[in-house]
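As you go down the protein sequences, you meet chains L and Z in turn.
For the first sequence, counting from 1, position 110 maps to 110 in UniProt numbering; every step adds exactly one.
For the second sequence, counting from 1, position 101 maps to 101 in UniProt numbering; every step adds exactly one.
Just so you know, the hints here were simulated from the structure itself, not pulled from any lab data.
Every residue, glycine too, gets a C-beta built ideally from N, C-alpha and C.
You may find that some hints are simply not true.
As the list claims (entries may be wrong) - Pair ranges (Cβ atoms, derived): (1) Ala191/Z / His92/L: 32 to 38 Å; (2) Cys99/L / Ser13/Z: 45 to 51 Å; (3) Gly35/L / Asp206/Z: 22 to 28 Å; (4) Arg58/Z / Gln98/L: 54 to 60 Å; (5) Ala191/Z / His119/L: 18 to 24 Å; (6) Gly69/Z / Met1/L: 46 to 52 Å; (7) Ala191/Z / Glu93/L: 24 to 30 Å; (8) Gly142/Z / Met1/L: 49 to 55 Å.
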Amino acid sequence: MTHISVKVDGTTYQDEVEPRLLLIHYLRDRLGLSGTPIGCDTSNCGACTVELDGVSVKSCSVLAVQADGGEVTTVEGLAEDGELSALQRAFHEKHALQCGYCTPGMLMAARDLLRENPHPSADEIRHGLEGNLCRCTGYQNIVRAVQAASEQEVPA
Amino acid sequence: MIPPAFDYTRPTSVDEAVRALADAGEGEDAKVLAGGQSLLPLLRLRLAFPELVVDVGRIPELRGVREDGDTLAIGAMTTHHDVVRDPLVRRHAGLLAAATATVADPAVRHRGTLGGSLAHADPAGDLPAVVLALNGELIAQGPHGRRTIAARDFFVDYLQSALEPDELLVEVRVPKSDGWGFHYEKFHRVAQAYAIVGVAALVRRDDGRIAEARVGLTNMGATPLRAAAAEEALAGAADAQAIARASDAAAEGTRPAQDVSASAEYREHLARVLTQRAVLAASGMG
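Let the hints inform the model, and build the full structure from the sequences given.
Here's what the structure looks like:
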């Protein structure tokens with residue numbers, strides 16, 4: 001077992017973990033943060049995307065021990081005081097989801113994109129989200145939502 | 001899926017990492033964990049069963065890009081994301097920056113590293129063929145010091161590099177290619193998929209003609225390859241027709257695999273077509 005200390009959505013956790021434990025399993029099974037889903041388990045779909053030390057990562061392709069000392073933000077950490085973030089609100093308003101399975105990963109990837117490129121074109125949004133698959137929407141409304149969020153003054 | 005159990009160590013210096021690998025010795029199967037974007041999927045699918053994983057993710061000396069005369073020295077643990085944005089790489093090794101921007105997707109590029117993708121030696125990976133075309137060198141450190149391995153000697157076989165079990169890839173050196181035109185042409189099924197075939201082209205022009213062309217091939221054999229016959233035929237080409245004729249030789253000497261994505265014959269066809277496109281773009285004659 002290896003000792004880790006990780007800050008997740010603002011709370012610091014100290015845990016003994018097996019080195020083979022994936023970050024996604026740590027988040028879901030140990031911390032009970034099941035807002036981040038497991039999609040493909042092959043690092044293709046991006047459903048499990050979270051933020052680690054300020055950048056998007058696929059949490060099925062990171063070991064919990066690699067996050068030791070780091071700071072993780074999941075979809076559950078986006079809303080503040082029960083208020084959806086501008087990006088979450090845009091997904092809601094533009095109907096950027098149907099089944100919702102890809103949504104946590106889409107939100108985290110879109111947040112990363114907007115941090116690097118606050119006013120992306122539709123094409124840049126599509127490229128920025130290339131690591132996240134949606135099987136329902138055909139992506140149109142997801143692109144619209146990210147564009148809408150990028151027009152807000154409030155950071156995503 | 002859950003990876004098999006392994007012992008884990010996280011050294012904080014290259015010396016310590018090399019010692020961990022050397023201590024593992026012949027009896028224990030040790031694997032270096034860089035960004036983990038190739039190794040973790042292999043572990044999850046239970047295609048690899050290392051007894052010891054040496055995580056080199058916290059060794060500051062392995063990250064970053066510096067100039068060394070006519071060469072760029074890139075730390076093995078520099079992430080794809082950082083390579084793409086690095087001003088020195090963009091200025092002096094544009095081919096590397098352009099090709100790295102096509103690797104997988106942003107989340108993978110945040111974790112994946114240049115050294116990791118080279119040491120993994122996957123012929124379907126984009127960067128082995130690029131470093132081969134750049135005439136790069138790889139610096140390995142073992143218990144007895146450092147040695148330099150030319151890119152052409154580094155890729156030994158499918159997923160096999162020239163690194164010894166107790167050696168760590170510490171640096172990638174590429175000669176500055178200022179003044180060379182470049183292009184990486186990647187053919188893949190969907191945005192983040194591996195290249196079915198990829199072509200890395202570098203072109204130096206002189207007096208309206210191609211003075212020298214270098215062509216690296218992704219996924220045209222068990223290792224990345226240079227399209228030597230096409231390179232030779234491209235010398236002196238002065239227009240698009242000449243480039244098209246020379247590119248017909250791009251698949252000579254290759255041994256592409258047949259798999260679910262493509263037959264070997266189709267890959268040979270792609271190598272010719274993509275070489276033509278890549279060289280046209282790199283030469284500005286397109």
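To see whether the hints hold, each was checked on the structure:
| no. | hint | verdict |
| --- | --- | --- |
| 1 | Ala191/Z / His92/L: 32 to 38 Å | violated, 26 Å |
| 2 | Cys99/L / Ser13/Z: 45 to 51 Å | holds, 48 Å |
| 3 | Gly35/L / Asp206/Z: 22 to 28 Å | violated, 59 Å |
| 4 | Arg58/Z / Gln98/L: 54 to 60 Å | violated, 41 Å |
| 5 | Ala191/Z / His119/L: 18 to 24 Å | holds, 22 Å |
| 6 | Gly69/Z / Met1/L: 46 to 52 Å | holds, 48 Å |
| 7 | Ala191/Z / Glu93/L: 24 to 30 Å | holds, 27 Å |
| 8 | Gly142/Z / Met1/L: 49 to 55 Å | violated, 31 Å |
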